[in-house]
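Novice: Produce the complete structure using the sequences and hints provided.
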Amino acid sequence: MDGFVIVETRLIASLLHILQEVTMTTVRFAPSPTGYLHVGGARTALFNWLYARNTGGKFILRIEDTDVKRSTQAATQAILDGLMWLGIDWDEGPYFQSERLPIYQEYAQKLIDEDNAYYCTCSVDELDEQKKQAISIGRAAGYDRRCRDKGAKQGVLRLKAPIGNTVFHDLFRDRFEFDNSLIGDFVLVRSDGMPTYNFTCAVDDALMGMTHVIRGDDHIPNTPKQLLILAALVFNPPRFGHLPLILGTDKSPLSKRHGAVSVMAYQEQGFLPEAMVNYLALLGWSTTDSQQLFSKEEMIKKFSLKRITKNPAVFDMEKLQWMNGVYIKQANPEKLANLCREFTSQKGKIGDIQLEEIIKLYQGRIKVLPEIYQLGDFFFSPEIHIPEKICQEVLSMSGVEEVREILTETKKVLSALEIFNPDTIEQAIRTMAERLGIKAADIIHPLRAVLTGKKVSPGIFEVAALLGQEMVVQRIEGGLCMVR
RNA sequence: GUCCCCAUUGACUAGGGGUUAGGUCACCACCCUUUCAAGGUGGCGGCGGGGGUUCAAAUCCCCCUGGGGACGCCA
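Residues in the first sequence are numbered consecutively from 939, following the numbering used here.
Derived by calculation from the structure, the hints in this document are not laboratory data. Glycine residues also receive a C-beta, built at the ideal position from the N, C-alpha and C atoms. One thing to keep in mind: the hints can contain errors.
Estimated spans, in silico, between C-beta atoms of each pair [claimed, not checked]:
#1 F1034 to S1129: 18 to 26 Å
#2 E1326 to S1228: 43 to 51 Å
#3 R1279 to M1022: 17 to 25 Å
Specialist: Next up, the structure:
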């Protein structure tokens, strides 16, 4: 009996395994290497990746480089870099379509053999003319199929679109129905033998076992075309889902004029990949409770296609910055210090003095990493400049003589300290204030001005301690000259 | 010109026949406080318009308006 149970359990397990194999989610990100990974592409990649990880499926990276003129290796690398920076890893690939040409040839031949495709010899000018005419008589602008029955043996290869409608159900919206006659007999293979996007995409999605194709809105018109190819080739179609676009603040599609669109530009500006991913995930996806901050694990666990919205989202820099600030605040200072050093080397600044300690002081105050070099510039150079404005507003605030006395006394008190840390400094200052019968703030403000050259800084006791006793004394002396 | 998509505060969104229309960013105020942040508390502000259906519409249907996309030997 026991043996039977074991056998039965094993049987169920292996059946489940097979079932899982058959139904395993397979998705992909299929960019064309014609530029950097942009925010919209990154969001598309992220959603596919999240879905794959959520379902325990497979995420494939495929480079669609059939446009030889525009594709570059640098762009491919930039896309890979962008994905890696965001922490989006792939299980297969990258596949390059340019290396799969024989496969597409094979299927093109199949379409020809089965009378589902034909050669067209129309020139570009002729096609233009056809388009103009179609529009002038109020028809859909498209190829008029004049070469369908010519029996040409060369030219571009076109699909023979059947009469009827092509229907599909979108993952995020309703039913789509397209009239095949409006789709037209589109090009599958160029006259130079290079296959086109719609053809390679359809073939690869089928061959690579894609269960879901999640891509941008702009591909909606391509979907019926690919469905037609799939049908002609007798492949099972994947499920399609079209993500709404990401817009700029003026509601037009996000582009360079809205600021940075390249994902790597955000790295250069001092954003953390975790924040970027978190923000991107919220552009079109949400949970019922409107949770905002997610760890990667949490995001994977909670991700669901059902909760993707169909309306386009405006990319909001302010919220991204807020989120980045939150991630910086929570990050490990050592990790941040390493990131900051990259910025210093880029900008030619020196930042070796206890960078980690400085970061701790600024973690809760900055939105992007490089801000630390503006707000905390007085930490990074021995000399500081006290702007005239600060001199007037702070150093002569309660009377020049009084400030002079306060600073002189402060210098004396602080240089007498044997242990120089935030606590001892604070104690010394407060004691001094009490002794002189003034407010601690009356000491703190001038002290801040002479130590930092600013009216705003982290807690002055921490700042002073980090600067070190010698530097503090030196800066008070320097500041004293400015009190006049 | 033809086809198609979208519509909740300034932004991201929840809600999908009966809710004081909820959360987050931003903004404002107050608290905390050595300044600035952070944090805490509170506040401002919204269902694009018009018709239906219904006892009841942000929610369902239609029209309009607005925004966007596609119509390549680009992807």
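Novice: Work down the list of hints and note, for each, if the structure agrees.
Specialist: How the hints compare with the structure:
1. At roughly 22 Å, the beta-carbon separation of F1034 and S1129 lies within the given 18 to 26 Å, and the hint holds.
2. For the pair E1326 and S1228, the beta carbons lie near 48 Å from each other, so the given range of 43 to 51 Å is met.
3. Hint check: R1279 to M1022, Cβ distance near 20 Å, so the stated range 17 to 25 Å holds.
In the structure shown, no violation is registered for any of the earlier numbered hints.
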